[in-house]
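S.K.: Sequence:
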Amino acid sequence: ATYNNSGLTYVSGVFRRAPGFFDEVCYTGTGSSPNVQTHNLGVAPELMIVKRRNSTANWLVATQFTASTFWFGYLDLDIGNTISSYPSGILNSQPSSTSFSIANTGNLLNASGGTYVAYLFATVAGVSKVGSYTGTGTTQTINCGFTAGARFVMIKRTDSTGDWYVWDSARGINPGNDPYLLLNSTAAEVTNTDYIDPVNSGFELSSTAPAA
-15 ATYNNSGLTY VSGVFRRAPG FFDEVCYTGT GSSPNVQTHN LGVAPELMIV
35 KRRNSTANWL VATQFTASTF WFGYLDLDIG NTISSYPSGI LNSQPSSTSF
85 SIANTGNLLN ASGGTYVAYL FATVAGVSKV GSYTGTGTTQ TINCGFTAGA
135 RFVMIKRTDS TGDWYVWDSA RGINPGNDPY LLLNSTAAEV TNTDYIDPVN
185 SGFELSSTAP AA
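Under my numbering, the residue at position 151 of the sequence shown is numbered 135, and the numbers go up by one with no gaps.
In case anyone wonders, no lab produced these hints; they're calculated from the structure.
Hints may contain errors.
[To be verified] What follows is a list of derived Cβ distance ranges for each label pair:
| # | residue 1 | residue 2 | range |
| --- | --- | --- | --- |
| 1 | Ala172 | Val101 | 21 to 29 Å |
| 2 | Ala195 | Gly15 | 37 to 45 Å |
| 3 | Ala195 | Gly(-9) | 34 to 42 Å |
| 4 | Ile63 | Thr14 | 40 to 48 Å |
| 5 | Gly119 | Asn65 | 15 to 23 Å |
| 6 | Thr(-7) | Asp62 | 20 to 28 Å |
| 7 | Ser(-10) | Asp62 | 23 to 31 Å |
| 8 | Arg1 | Gly110 | 13 to 21 Å |
| 9 | Thr14 | Asn65 | 25 to 33 Å |
| 10 | Glu173 | Gly97 | 32 to 40 Å |
| 11 | Val(-2) | Gly110 | 17 to 25 Å |
The model shown is predicted, which means the values in this text are computed figures rather than measured ones.
For each residue, glycine too, the CB sits at the ideal point set by N, CA and C.
Input sequences plus hints: build the corresponding full structure.
M.R.: Next comes the structure, spelled out in structure tokens:
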């Protein structure tokens, strides 16, 4: 009933496995390193989201932008925290086009007997973009290399605390107000702000957008 209560409105984001864009891997932790897992993305993942399935644990998010090297820094999808890091590393090395090698043996990624799901994303020209930008406090265009604008936008500040903002064209990415949800919050969507606007190359950030 949580996802189908009478009279309530919902949004569903659905991703299909496709070479170069998205893949999903389920694996079991070993409690030792390395724990090498193969994938079918066909390119090195640029964004990894991992969640333990058989016990409580935060959603780990790692990208090439969460640290100077991919395998040290991570964010939590369910918390608006700044970047955390493991001195010994999350992965043993940069992920490849066929596998990723887990170094950390903790609850988040590789507890012995723990079951996990990993979602892997990468950039496909004209289709998807994993990237970063530096805020200016003024209106700026984020060029994703698209020709018909963005339909799903997820933003998280990485150098400080900040929520996980999500906009999508199903609810509206318009010249006016654009509803957004926070992935790390159970709050209802916010509908009375105009923080992003559509442009063909990607999206435009408004000068009114908050520090997060």
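S.K.: Against this structure, judge whether each hint is valid.
M.R.: Hint check results:
no.	hint	verdict
1	Ala172 <-> Val101: 21 to 29 Å	holds, 27 Å
2	Ala195 <-> Gly15: 37 to 45 Å	holds, 40 Å
3	Ala195 <-> Gly(-9): 34 to 42 Å	holds, 36 Å
4	Ile63 <-> Thr14: 40 to 48 Å	violated, 26 Å
5	Gly119 <-> Asn65: 15 to 23 Å	holds, 18 Å
6	Thr(-7) <-> Asp62: 20 to 28 Å	holds, 22 Å
7	Ser(-10) <-> Asp62: 23 to 31 Å	holds, 28 Å
8	Arg1 <-> Gly110: 13 to 21 Å	holds, 19 Å
9	Thr14 <-> Asn65: 25 to 33 Å	holds, 27 Å
10	Glu173 <-> Gly97: 32 to 40 Å	holds, 38 Å
11	Val(-2) <-> Gly110: 17 to 25 Å	holds, 20 Å
The earlier numbered hint that this structure contradicts is number 4, and it is the only one.
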